[in-house]
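The chain contents come next:
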Amino acid sequence: MLIQCIRAEKQKLRHSLILPACLFIPVIPAVMGTFNYMQNLGILKSQWYSLWTQHTLFYASFFFAPLIGLYCSYIWRLEHRHNNWNRIMTAPVPVSDLFFGKLVWILLITLLTQLWTGILYLISGKLAGLPGIFPPEIIIWILRGTLGAIPICCLQLFLSMRIRSFSIPVGIGLIGSVLGVLFNNEGIGIFWPYSLMLLGMNSNGTNESILKDFLPFLLSVTVFSAFFCLAAIWNLKHRDVKA
Amino acid sequence: MIRCLSPQLHAEHQKIRHTKALLVPLGFLGFYFLWTMWQISSMKPDEFPTGYAMLFYQLPVMNAILLPLMISVIASRICDMEVKGDTLKLLYTIQKPGSFFDCKYLNSFRYLVFFTIGQGLLILFFGSLKKFGGFRSEDYFLYLLTVLIVSAVILVIQQTLSLLSENQLFPLGVGIAGSFLGLFSMFFPVPVARFVLWGYYAAFSTVGMDWNKDTRIIHYYEIPFPTHKFILFLAFGVLIFLLCRTVFSKKEV
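Keeping their order, the protein sequence lines are chains A and B. For the first sequence, position 83 matches number 83 in this note's numbering, and the numbering has no gaps at all. For the second sequence, position 47 matches number 290 in this note's numbering, and the numbering has no gaps at all.
For the record, the hints were derived by calculation from the structure and aren't laboratory data. Keep in mind it's a predicted model, so treat the numbers as computed, not measured. For each residue, glycine too, the CB sits at the ideal point set by N, CA and C. Hints are not guaranteed to be accurate.
Which chain B residues face chain A? A few, computed with CB under 10 angstroms, are given here [said to hold, decoys possible]:
hint, residue
1, Leu-266
2, Phe-274
3, Ile-317
4, Gln-338
5, Gly-341
6, Ser-342
7, Ser-405
8, Asn-410
9, Leu-415
10, Ser-422
11, Ser-428
12, Phe-431
13, Phe-484
No farther apart than 30 angstroms at their CA atoms in a straight line, the calculated lysine-lysine pairs in the DSBU-like style are these [claimed, not checked]:
hint, chain 1, residue 1, chain 2, residue 2
14, B, Lys-374, A, Lys-12
15, A, Lys-12, B, Lys-332
16, A, Lys-10, B, Lys-327
17, A, Lys-237, B, Lys-327
18, A, Lys-237, B, Lys-263
19, B, Lys-456, A, Lys-45
20, A, Lys-12, B, Lys-494
21, B, Lys-456, B, Lys-374
22, B, Lys-374, B, Lys-472
23, B, Lys-494, B, Lys-332
With these hints in hand, go ahead and build the complete structure from the sequences.
Right, dumping it as structure tokens:
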């Protein structure tokens, strides 16, 4: 059933604007970050590492969650229209599969966004004249950032499922992200789902010790993701839909 | 004209009842409250005399990050009922497209006024709570005026995009991109930054900052308000409004 739900979501996403958004929006921090890096070569002397911070600091701190919020609002958009909630809730599939069918696609799009960010980083580095290829840690940071993004995806998918408005979950994503920066500055980032992406990406270049602290990070990712998924499924099972 | 618009404005007001759109600026004000509290908690007592200057320097940065998206959320929330319900054709039998656009705009603009007043009150609240020094009423009113005007111009673009797009993904994507551009534009040279509309929150700031690397002392200084630039920006805003109104009015429904 889950496979069928994933296939159905694939059909719904055909010809959607998600792919252009996923390709275009990361280009902005890439272009701006590289420009800023080139303007400040006197201060930013760590080459690939400096370029990494310029590329990803604002992206991971403020804009990643609203971007995911946008994807999630889009993926629930059809259900919120007309009487589609009645149709989907009477379909002979478990509600958990409906949710996970969507989550799989959100995670795939997130992975794609992350890989695209990595490719843009490599291209920008070469255009900026940096020597060789980027350090291998960057790949780990991208993957760790993707891991940190999972709870954000689960939470935003839950919010977009509950809130009929397309835009409100996106706004919540932005406020959550900015609060995430505050939590991170206070050193309690692992207790706030929106901070995990920033922690994983090492965008401020300070939390080198995260390899040492990987277990609490992983635990936080697992607990938050499981909690939001369970909350969403419970909600689908026990609350009446508003069609 | 106001008498003519009055029933239409009332109709717009009726449409947004129970949409809880006010929660959007209220939520953002709540965030600003938390953020300012956090900022103040990390201040030393000897920094309080320059507290207002600190707020007037840092708030425009936060505005550039948050307000473009807040405005796109408000515009999308206010405009999505006509888009979702596909009611424009029916509506145009009793209302002109231009007047519909104006009423929508005035309706959304109220939320910006609410937000600006709220932010002004927050500044005064924290200033009097911590007995900040260096309050200049001129800076205060110019700050609020620029927040309102820059937001109003961004709102024109967001409203037009929200009304023209059947899918709200695009206007909200523009909102996110605007936040990105606004934030990055602060690190750009002035000739480049002036082309980024979303960065004007900081461009009209009347407070600058010097940070001495050796003594680690922050010094805030006054910047004369760029009156000419502001008048040009206002003219640009009016032009954008007329252009967007015309584009929307000519749209086939």
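For each hint, the structure was consulted:
no.	hint	verdict
1	Leu-266	holds, 8 angstroms
2	Phe-274	holds, 5 angstroms
3	Ile-317	holds, 8 angstroms
4	Gln-338	violated, 24 angstroms
5	Gly-341	violated, 25 angstroms
6	Ser-342	violated, 25 angstroms
7	Ser-405	holds, 9 angstroms
8	Asn-410	holds, 6 angstroms
9	Leu-415	holds, 5 angstroms
10	Ser-422	holds, 7 angstroms
11	Ser-428	holds, 8 angstroms
12	Phe-431	holds, 7 angstroms
13	Phe-484	violated, 22 angstroms
14	Lys-374(B) - Lys-12(A)	violated, 57 angstroms
15	Lys-12(A) - Lys-332(B)	holds, 27 angstroms
16	Lys-10(A) - Lys-327(B)	holds, 23 angstroms
17	Lys-237(A) - Lys-327(B)	holds, 27 angstroms
18	Lys-237(A) - Lys-263(B)	holds, 26 angstroms
19	Lys-456(B) - Lys-45(A)	holds, 17 angstroms
20	Lys-12(A) - Lys-494(B)	holds, 28 angstroms
21	Lys-456(B) - Lys-374(B)	holds, 28 angstroms
22	Lys-374(B) - Lys-472(B)	violated, 33 angstroms
23	Lys-494(B) - Lys-332(B)	holds, 11 angstroms
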